[in-house]
Every structure is written in structure tokens, then in C-alpha cells.
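Trainee: If you're matching positions, the sequence shown starts at 8 in our numbering and goes up one per residue.
It is worth saying that the hints were derived from the structure and are not from the lab.
Mixed in with the good hints, there may be bad ones.
[As the list claims (entries may be wrong)] Pairwise CB distance ranges (calculated):
| # | residue 1 | residue 2 | range |
| --- | --- | --- | --- |
| 1 | Asp51 | Leu77 | 32 to 40 Å |
| 2 | Asp146 | Arg36 | 36 to 44 Å |
| 3 | Asp118 | Tyr94 | 24 to 32 Å |
| 4 | Arg36 | Asp152 | 14 to 22 Å |
| 5 | Thr9 | Ala52 | 36 to 44 Å |
| 6 | Arg44 | Asp118 | 17 to 25 Å |
| 7 | Trp58 | Arg106 | 18 to 26 Å |
| 8 | His19 | Gln114 | 17 to 25 Å |
| 9 | Asp82 | Met8 | 13 to 21 Å |
| 10 | Asp152 | Ser93 | 31 to 39 Å |
| 11 | Gly46 | Phe115 | 36 to 44 Å |
| 12 | Asp152 | Ala31 | 32 to 40 Å |
Glycine included, C-beta positions come from ideal geometry on N, C-alpha and C.
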Amino acid sequence: MTLWPIDQLLPHAGRMILLDRVVAWDAERIVVERAVRAGDAFVDAGGLPAWAGVELMAQAIAAWNGCQVLAAGGDVRPGFLLGTRSYRADVDTFPPGTRLTIEAVRQFHDDDGMGAFACRIDAPGMHAEARLTVFSPPDPTPFLDPRHPLDSRGTPP
8 MTLWPIDQLL PHAGRMILLD RVVAWDAERI VVERAVRAGD AFVDAGGLPA
58 WAGVELMAQA IAAWNGCQVL AAGGDVRPGF LLGTRSYRAD VDTFPPGTRL
108 TIEAVRQFHD DDGMGAFACR IDAPGMHAEA RLTVFSPPDP TPFLDPRHPL
158 DSRGTPP
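Start from the sequences, fold in the hints, and give me the full structure.
Mentor: Quick look at the structure:
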């Protein structure tokens with residue numbers, strides 16, 4: 008199992024990379040970490056708002072996809088968060104200095120790039136969970152051009 012640097016796995020850049028590192032991954036799941044630091048994106052004096060946990064989960068899924076693609080010799084590409092079901096957090100913020108462990112487990116994934124993942128964030132005394140639906144098409148280019156209406160396969164209607 009190769010553990011690539013997180014910036015090689017995500018199509019994000021700079022401060023928008025909210026994860027620190029991959030701990031473990033396989034065909035069905037990924038575990039990543041994030042230390043909450045003052046001055047990071049979305050972090051205020053109280054810490055990282057719990058609502059930002061959805062983005063941590065989405066980036067964990069993107070990192071899982073990056074691992075799968077790089078392991079197969081491909082190139083990392085953008086994907087899309089389509090929705091979140093039942094996001095629950097038992098805290099309002101993740102305080103500065105907290106080391107968060109984020110896990111995403113694949114529940115469904117098809118050849119067209121649709122997927123669903125059960126996700127969780129854990130730290131001592133803190134927990135959040137949700138189910139995220141994502142889309143990572145083989146070629147995301149048509150979906151990134153707002154001038155073209157497309158169906159779910161990326162073709163014009």
C-alpha cells in the first residue's frame with residue numbers, strides 16, 4: 008500500500024487542502040487525519056466548525072479516489088459532492104489542537120462514477136457521521152463547463 012502525499016491525491020490546492028495525511032486505504036475504505044490548527048481555512052478562535060466536517064469527509068473520499076486512480080496508473084481528476092444524508096456531530100466545533108481521524112467506507116460505486124460512502128470523524132470525546140453521495144466521472148471536463156446542459160452521463164440531451 009503506497010501512502011502518497013495528500014496534495015498528490017486531491018485536485019485541491021493550497022489552503023483548500025483540509026487533510027494532513029492518509030493513514031491507510033484499500034479497495035473499500037480510507038482513513039485520513041487532520042490536526043485542527045489556528046489560521047487554517049475555516050478555523051476561527053473556537054476551532055473548526057462542525058459543519059466543515061462534511062468537507063473533511065468529501066476530501067477523504069476524494070483521497071480514496073486518488074489512491075485508486077494512482078494505484079492503477081491514472082491521473083487524479085475532480086469529482087463532485089452531490090449530497091449528504093444525516094450529518095450528525097456531537098460537538099459544535101473541533102477545538103484547535105484536536106487530531107481528527109476521518110474514515111470513509113464505500114457502500115456503493117458504479118462504472119459511471121456514482122458512489123456512496125459512510126463517513127465518520129472521531130477524536131477523543133468527539134464524533135460526527137454522515138453518508139455522502141459523490142460523482143467522479145471518467146472525464147469531468149463537460150461537467151465543469153457551465154455553457155453546456157448535460158445528462159448524468161455527461162452527454163448533451
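Trainee: A separate judgement is required for each hint: does it hold in the structure or not?
Mentor: Here's how the hints hold up against the structure:
One distance hint, 32 to 40 Å for the beta-carbon pair aspartate 51 and leucine 77, holds here, with the actual separation near 34 Å. Separation of aspartate 146 from arginine 36 is about 26 Å and departs from the stated range, judged on CB atoms against 36 to 44 Å. At roughly 28 Å, the beta carbons of aspartate 118 and tyrosine 94 sit within the given window of 24 to 32 Å. Distance hint check: the CB atoms of arginine 36 and aspartate 152 are about 33 Å apart, inconsistent with the given range 14 to 22 Å.
Checked against the given bound of 36 to 44 Å, the beta carbons of threonine 9 and alanine 52, roughly 38 Å apart, stay inside it. Evaluation of the 17 to 25 Å hint for arginine 44 and aspartate 118 yields a failure: the beta carbon distance comes to about 39 Å. Evaluation of the 18 to 26 Å hint for tryptophan 58 and arginine 106 yields a pass: the beta carbon distance comes to about 19 Å. At about 24 Å, the CB distance of histidine 19 to glutamine 114 agrees with the hint of 17 to 25 Å.
Look at aspartate 82 against methionine 8: about 20 Å separates their beta carbons, and that is inside 13 to 21 Å. Checking the proposed 31 to 39 Å range against aspartate 152 and serine 93 shows it holds: the Cβ atoms sit about 33 Å from each other. Hint check: glycine 46 to phenylalanine 115, Cβ distance near 37 Å, so the stated range 36 to 44 Å holds. Remark: the range hint 32 to 40 Å for aspartate 152 to alanine 31 is upheld by a beta-carbon distance near 36 Å.
Checked against the numbered hints above, the structure breaks hints 2, 4, 6 and satisfies the rest.
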